[in-house]
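Listed below are the residues making up each chain.
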Amino acid sequence: MDKLMSDLKSQIIAQLNLQDTKPEDIGDDQPLFVEGLGLDSIDALELIVLLQQHYKIKLSNAEEGPKVFKTVRTMAEYITAHQAQNA
Amino acid sequence: MYIRATGNISPQKTFGHGPMDDSPVVYNGNRLTAIEPEYKDFIDPKLIRRMSRIIRMGVAAAMECLHEAAIKTPDAIVTGTAYGCLDDTHSFLSKMVQFNEELLTPTAFIQSTHNTIGAQIGLMLQCNNYNNAFVHRGFSFESALLDAMMLIKENDASNVLVGAIDEIINASHTILNRLGLYKQGNICNLDIYQSTSKGTIAGEGATFFLLAKEASNTDYAKLDGLHTFYKPANAAEVEQQVNNFLQKHHVNISEINLIITGKNGDVAGDKIYDTLSTSVLAGKQTINYKHLCGEYPTAATFAVWLAAHILKFKKLPAIISHQPSSQKNIKKVLVYNHYMGIHHSLYLLSAC
Numbered sequence: 000m001d002k003l004m005s006d007l008k009s010q011i012i013a014q015l016n017l018q019d020t021k022p023e024d025i026g027d028d029q030p031l032f033v034e035g036l037g038l039d040s041i042d043a044l045e046l047i048v049l050l051q052q053h054y055k056i057k058l059s060n061a062e063e064g065p066k067v068f069k070t071v072r073t074m075a076e077y078i079t080a081h082q083a084q085n086a
Numbered sequence: 000m001y002i003r004a005t006g007n008i009s010p011q012k013t014f015g016h017g018p019m020d021d022s023p024v025v026y027n028g029n030r031l032t033a034i035e036p037e038y039k040d041f042i043d044p045k046l047i048r049r050m051s052r053i054i055r056m057g058v059a060a061a062m063e064c065l066h067e068a069a070i071k072t073p074d075a076i077v078t079g080t081a082y083g084c085l086d087d088t089h090s091f092l093s094k095m096v097q098f099n100e101e102l103l104t105p106t107a108f109i110q111s112t113h114n115t116i117g118a119q120i121g122l123m124l125q126c127n128n129y130n131n132a133f134v135h136r137g138f139s140f141e142s143a144l145l146d147a148m149m150l151i152k153e154n155d156a157s158n159v160l161v162g163a164i165d166e167i168i169n170a171s172h173t174i175l176n177r178l179g180l181y182k183q184g185n186i187c188n189l190d191i192y193q194s195t196s197k198g199t200i201a202g203e204g205a206t207f208f209l210l211a212k213e214a215s216n217t218d219y220a221k222l223d224g225l226h227t228f229y230k231p232a233n234a235a236e237v238e239q240q241v242n243n244f245l246q247k248h249h250v251n252i253s254e255i256n257l258i259i260t261g262k263n264g265d266v267a268g269d270k271i272y273d274t275l276s277t278s279v280l281a282g283k284q285t286i287n288y289k290h291l292c293g294e295y296p297t298a299a300t301f302a303v304w305l306a307a308h309i310l311k312f313k314k315l316p317a318i319i320s321h322q323p324s325s326q327k328n329i330k331k332v333l334v335y336n337h338y339m340g341i342h343h344s345l346y347l348l349s350a351c
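Line by line, the protein sequences are chains A and B.
Each residue of the first sequence is one higher than the one before, counting from 0 in numbering that gives the first Met the number 0.
Each residue of the second sequence is one higher than the one before, counting from 0 in numbering that gives the first Met the number 0.
Read the hints as simulated data drawn from the structure, not as lab findings.
Beta carbons are placed, not taken as given, at the ideal position from N, Cα and C, and that holds for glycine.
Please note that a few of the clues may not be correct.
Covered stretches of chain A, as calculated for chain B (at least 3 residues, CB under 8 Å) [unchecked claim]:
(1) 24-35
(2) 47-56
(3) 69-79
Residues from chain B that keep clear of chain A, each with C-beta distances beyond 10 Å, as calculated [as the list claims (entries may be wrong)]:
(4) Asp-40
(5) Arg-52
(6) Phe-98
(7) Asn-99
(8) Thr-106
(9) Cys-126
(10) His-172
(11) Leu-178
(12) Gln-183
(13) Gln-193
(14) Asn-243
(15) Gly-340
(16) Ile-341
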């Protein structure tokens, strides 16, 4: 899980072009939207693309979004659960 | 109407207080790249991350212009661009191919439209006033400026932020190079006018002007007129256009103190400038500017910016100091530019 969260932080920084942000600046349980990293709805779309590109996961239910993209940890948990389901 | 303020990001050190004391930046090769400022001083870092290079250039040039004019919300924002946000367009299209038309990221698509920069300026200023973008190839800036002038003349605006933006990226440079637009071999930008070969040097830039209806005591220049004409049949037609333009503005050629031409070192395209220098513009002090900014469809913005600075500071700036100058008291400037021999434009500016 730690490795996955570390990878995710780097991928989020690259995908969203978060200049001056390093992976260690993003807390595992830090909110990604509004407060915390301050991401917005366009970033949410970028994160959906990130999941598809890097983990082949298609977020089919939009209502899952706020829960999945709450923090880096919730994203990692979602990816892990999805991979276990498809193993 | 008056040019109250300017903002210019170009391949020269034009951002800030202008080029009056700087020597020209020398480039070897057929591509001139804009010298960019530290954007964090002008743009919120949170917004910068979504902006490609050309958007940053455009927004920063516009912000500097507004800052100089001490205007927070202009009555209108009008932009011109021929290429638009090329880098974002290239990124978006490349990803379409790379990911087989799936998994497309929204940011590049959103930012790839030609009105992105005007819209971004409007968003940053929270300005809901008139906002328009013109994409008319070599007439893009001229169309934007004409719109701005009409807004002011028809009393729809008392001040307008107007400018143009175009960038050159690796992909477009490669394509245009293949099409023969640029000179081959080792070429220095300062030597292009001595060249006897075809082609020119590529350039880019973001230039904005604050156009105001009323005069202030800090204006750069008065913008007296603008005229465009398309694909003239021959030199005689161009001469006629110049004469008609001056006549329309009740100006005799003897009153013009300085001509700024769009000569770009292309032996074919420069012929018309040489012809005019022996006919309708004979004997006039003439300077060129494309060795400074390169050639691009909205390069005439650089000429207007240069003319405005010359008229305000009443001297030829150091960046063109290698060109002979005899005229000290410059009160009227005529700019004649053409892009690819297709889009021709004339500007008339005078001292305030």
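Against the structure, the hints:
no.	hint	result
1	24-35	violated (count 0)
2	47-56	holds (count 3)
3	69-79	violated (count 0)
4	Asp-40	holds (15 Å)
5	Arg-52	holds (12 Å)
6	Phe-98	violated (8 Å)
7	Asn-99	holds (12 Å)
8	Thr-106	violated (6 Å)
9	Cys-126	holds (20 Å)
10	His-172	holds (23 Å)
11	Leu-178	holds (32 Å)
12	Gln-183	holds (36 Å)
13	Gln-193	holds (43 Å)
14	Asn-243	holds (50 Å)
15	Gly-340	holds (40 Å)
16	Ile-341	holds (37 Å)
Checked against the numbered hints above, the structure breaks hints 1, 3, 6, 8 and satisfies the rest.
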